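Residue numbers (the numbering used here), protein chains in the order written: chain A, 1 to 230; chain B, 1 to 230; chain C, 1 to 230; chain D, 1 to 230; chain E, 1 to 230; chain F, 1 to 230.
Hints listed in this document are in silico derivations from the structure and should not be mistaken for laboratory results. Remember, it's a predicted structure, so these values are computed and weren't measured experimentally. Take the hints with a grain of salt, since some may be wrong.
Identical copies go unnamed one by one, so any copy, or any two together, can satisfy a pair.
With a Cα cut of at most 25 angstroms, we get these calculated PhoX-like pairs of lysine-lysine [as the list claims (entries may be wrong)]: (1) K202 with K191; (2) K228 with K147; (3) K228 with K191; (4) K147 with K202; (5) K147 with K191.
Protein chains: 6
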Amino acid sequence: MSYQPGTTGVVVQNIERVDQAIIDGLAACGVATVHEAQGRRGLLAAYMRPIYPGARIAGSAVTILAPPADNWMLHVAIEQVQPGDILLLGTITPSDAGYFGDLLATSAMARGCRGLIIDGGVRDVRDLTLMGFPVWSKAVHAQGTIKATLGSVSVPVVCADALVNPGDVVVADDDGVCVVRREEAAEVLEKARAREANEEAKRARFEAGELGLDMYQMRDELAAMGLKYV
Amino acid sequence: MSYQPGTTGVVVQNIERVDQAIIDGLAACGVATVHEAQGRRGLLAAYMRPIYPGARIAGSAVTILAPPADNWMLHVAIEQVQPGDILLLGTITPSDAGYFGDLLATSAMARGCRGLIIDGGVRDVRDLTLMGFPVWSKAVHAQGTIKATLGSVSVPVVCADALVNPGDVVVADDDGVCVVRREEAAEVLEKARAREANEEAKRARFEAGELGLDMYQMRDELAAMGLKYV
Amino acid sequence: MSYQPGTTGVVVQNIERVDQAIIDGLAACGVATVHEAQGRRGLLAAYMRPIYPGARIAGSAVTILAPPADNWMLHVAIEQVQPGDILLLGTITPSDAGYFGDLLATSAMARGCRGLIIDGGVRDVRDLTLMGFPVWSKAVHAQGTIKATLGSVSVPVVCADALVNPGDVVVADDDGVCVVRREEAAEVLEKARAREANEEAKRARFEAGELGLDMYQMRDELAAMGLKYV
Amino acid sequence: MSYQPGTTGVVVQNIERVDQAIIDGLAACGVATVHEAQGRRGLLAAYMRPIYPGARIAGSAVTILAPPADNWMLHVAIEQVQPGDILLLGTITPSDAGYFGDLLATSAMARGCRGLIIDGGVRDVRDLTLMGFPVWSKAVHAQGTIKATLGSVSVPVVCADALVNPGDVVVADDDGVCVVRREEAAEVLEKARAREANEEAKRARFEAGELGLDMYQMRDELAAMGLKYV
Amino acid sequence: MSYQPGTTGVVVQNIERVDQAIIDGLAACGVATVHEAQGRRGLLAAYMRPIYPGARIAGSAVTILAPPADNWMLHVAIEQVQPGDILLLGTITPSDAGYFGDLLATSAMARGCRGLIIDGGVRDVRDLTLMGFPVWSKAVHAQGTIKATLGSVSVPVVCADALVNPGDVVVADDDGVCVVRREEAAEVLEKARAREANEEAKRARFEAGELGLDMYQMRDELAAMGLKYV
Amino acid sequence: MSYQPGTTGVVVQNIERVDQAIIDGLAACGVATVHEAQGRRGLLAAYMRPIYPGARIAGSAVTILAPPADNWMLHVAIEQVQPGDILLLGTITPSDAGYFGDLLATSAMARGCRGLIIDGGVRDVRDLTLMGFPVWSKAVHAQGTIKATLGSVSVPVVCADALVNPGDVVVADDDGVCVVRREEAAEVLEKARAREANEEAKRARFEAGELGLDMYQMRDELAAMGLKYV
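Same shape as in the complex, but just chain A (with noise of 0.2 angstroms):
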């Protein structure tokens, strides 16, 4: 992809995308894991909150530049929408309006969209809980946005202190929202599942009373650094 994030006026019409039973994958695996598994990289500021609990998706990401308070792009990137995929929206500058409404989210729905990641406002959550439409955002806000300015459909987009690119895939639950690069989500997949199961052993002897400190072996390490017990 040569557009830089920032560029306005450009919709991309071609991405690539990831295999769908990887992407399904990774949304079982949450984003906890997710984030870990790729290193640590790739979490969203933690002011994304989605707007109902209990949401867990993951879609490959069409991405959208949008000015402040200033919807227009969204229309523009419905129309690219596949199946499974998921919308994310980066402001060229702050806003917390409410770009997004039940209107949008019938359209997005009926173009197979999974969800809505908006670094800015959205409005109409009662609805958009009762539709199972998940979405994570800044901020809720009813304030009504405009249609004036361009920006960008499927280029290079920061969004919450992150940057994405089409195509690659979100993931999105209670803990909020993870980024894998498109070309290392097969990857990430397999260090997630191999950390899961990880877990699951850690999980039933941390069950069984097992400390953290013996587990992990962290008493000597820790006496060598001087903690003392008193």
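The hints should help you fit chains B, C, D, E and F onto chain A, whose structure is shown.
Relative to the frame of chain A, chains B, C, D, E and F by itself:
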């Protein structure tokens, strides 16, 4: 109303209210629709959040101007509540102390109060949730308040960045809070209902897969602005 | 206790605890009542929010002083937990990294820990919710932490603007978190129960429609202060 | 004035102003004194900070209601400025974009404008400092704005939590910004000057070492409240 | 000291102070060096900022616990000030009201007070700057305060996330504020001076172009950690 | 550059830089003009503020990806600095610890470094001011950092909401910080100078009293939009 926002030491006893059918109509439309119907005016700041999800109310505002961390005027205001009213509190200087809890809610409910909008803190939120008394607030905080300084009741107040006059209609749901001028309430309801009818038709077309780009005929304007598909 | 808040490299093994019946009594009273009963002291900052609604717990504090984004001391602390205790973590400098997740929760629950109060971030909140392990935190964030620097366990710590000593009783519910000094716990419970009994009587009078203005005989004082009804 | 705060699409051309001598008197008293003299009303939020220290101004408010990140109405407003006026801008929804820079300042100064109060962002602050054009703002930010949507000029606006009417007197210094109702300006000046005279006498006594405890005769009241010296 | 943080209604009259030469030595070292010298403890939160640049002070803390927006205890505290002391105010619940202005500063200076640390607001900052009375605060705000509720003087207080005991040494400069336990002040000064001497030597080597990588012999450890130069 | 933002454990040694004359030209234009000249892209978040007013610099970015509260990579990066470069640090997860002080500044200046942009904290700001080493940061904080975890040097980093590649030109002044892509720097400078020339002409017309309404011929469009003068 001849009082300026910020006036202290006054309780206005006779305020005009909007017809209850209009108020209930506005409640049914919800915050986002009402906000749009009146020309995108009247929203309170996005930091005003409900203590539990799902409530949607409207009522005539009994306004309260309160000193920081001083809830004396809430007792004065409850006497002024008529069935269907909503208490709305703005502070002289910011405070997130817990002005309101289950005892005051019991008293307010006994007068027919439908809820509280408070640019400050609230406490006993578990009890308020069980009682079904909805509150939109800046904070949840148990910190107690005092009764030492006068404020006012039923004068204009600035609450979460919006000016609210006594008798204005307050609409609140999961999207936040919106205020409608008393004199404009009937007209705003009419416009809100027209908007809802219009949206209903659009929703069906979106569900059928039609794009906003076509429904709103945006393609030519976007091209004229220079949007490029690559 | 002769350690200063901020002391690092120490694990205090024997701390005194309050009688369990007193602790459970304080849990039943809840944060707002306990806070009032002890003279409006002991509240943690309002930014400490539960990861799910409805939990109400109390327990003896096993305190943790942790470096930023370093969760080593949590492993050390879990060994010090006795059934009914609550882990409480303050940081040396602010951090919203995800210090605690489902594995540590499994280990803590195996020791009888009732919950966690953390002036930092938590992750795996979906799992923690399903496990019924309540956490009050400054942030939800998946960001992993390291194990590189010593802190301390069971020394006095400042957590969310409040000083907490090991063995102090921590009470937490939807209103936030309140700390009760170990030496004062019995007396505070007595006062809290008296307050509850008193509130019960008031609640019935409020339900019957009596006003706070009359119940608390405020009318004369308000008039003396200059409050005008117009 | 018959317009409501939030009204868009209107420029009110004839506004009443306070006598210049009164305005200059209020400037000399400063924000803290004026705020106290009018009963602790009229302060804007504490986040409004000057771009450079030391300026102290007052003037009649030419108010601006602006859409987010849209500075069109500033051009409209400058035509309405008379020598000695202050531009004051509130936004429909929050924005920290850079609405105002050195070119607009040049234009405003050519009309005799004394400064700008803006609940948004400002840029070119180095040039503004060199030009001696003071600004109190929510943010310094270079982000450019557009000219796409109407706001209003010289209607009531909410700016940084305060309601300001066109023609109200705005006082600003290093302590922040305070607004005085046009109708009350003369009376507030009188009270502010009385307060200053009173403070002058107190200052001399404080310099001589007298304590506030004695000057204000607080000792008995403190003892009656229960204050204990140990 | 047998009082708990949060205790109200008490003025402790006799507090122990550190020798003035030690205090002045700590002032000369500055906040960053003192903070490091005592093991990276004692810093107040980063939001505490000076009202003007360039001041560097140290003094014995006369602590104040104040109710929100209530500055009564400041008058009580000033009587307790001895030459060279610093007033330090923490609040029971957060407040950014303007607790302190030029009259109180005049009174404090007459007692030999060197400055104020306040986890709240300050006003008259132009006058305070001209008077050369330095203040580190959470906010600059003109909002007036009341005198209605007791706090305490010279008891332990939590101020901007740090616990401060009366008589502890407070050091403040453009980097913020750091507190040194009274009992440890002499030892901390010794370590701070050793650190300064050590830094002086390093500074000369850095000026001569030597790299930290070589001076601290980091290259091998970095390579062992896996750092790759490409 | 084939590294993704977020890559750890890598130091890229050979980065391409822009011709020094172009860099110095961009510095002379300043942040607001450069930002406009490149289509309103490239601004860092508004929270990035200079530690002292008046500095205006530009330079090639030597980028640093740093773990929270860990400044190890700064030592690594300084070796990569060439005369005229600017250090720019983004963090893996947010931190306001004091990563940088006067010793590191001494080392950086010895290598010809022009300044530091840091999405974190800085300390010793009094010394840095006296040394004339400008820093734009998220916080001033004395909190010490550790050296325990690898980051990277001269890979793409997200810093204060913007993506910065090594060798991009960073421009910084009192308005904040703006990044210019290396490949576009010459073209942006040309546009920025054209913009400056254009502004010079406008400035003279504004000074002569001409209004923006006339200069930009806005009156007809405003009327067409429905603006009413009353």
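Quiz item: What hint numbers does the structure not satisfy?
Solution: Result: no hint breaks.
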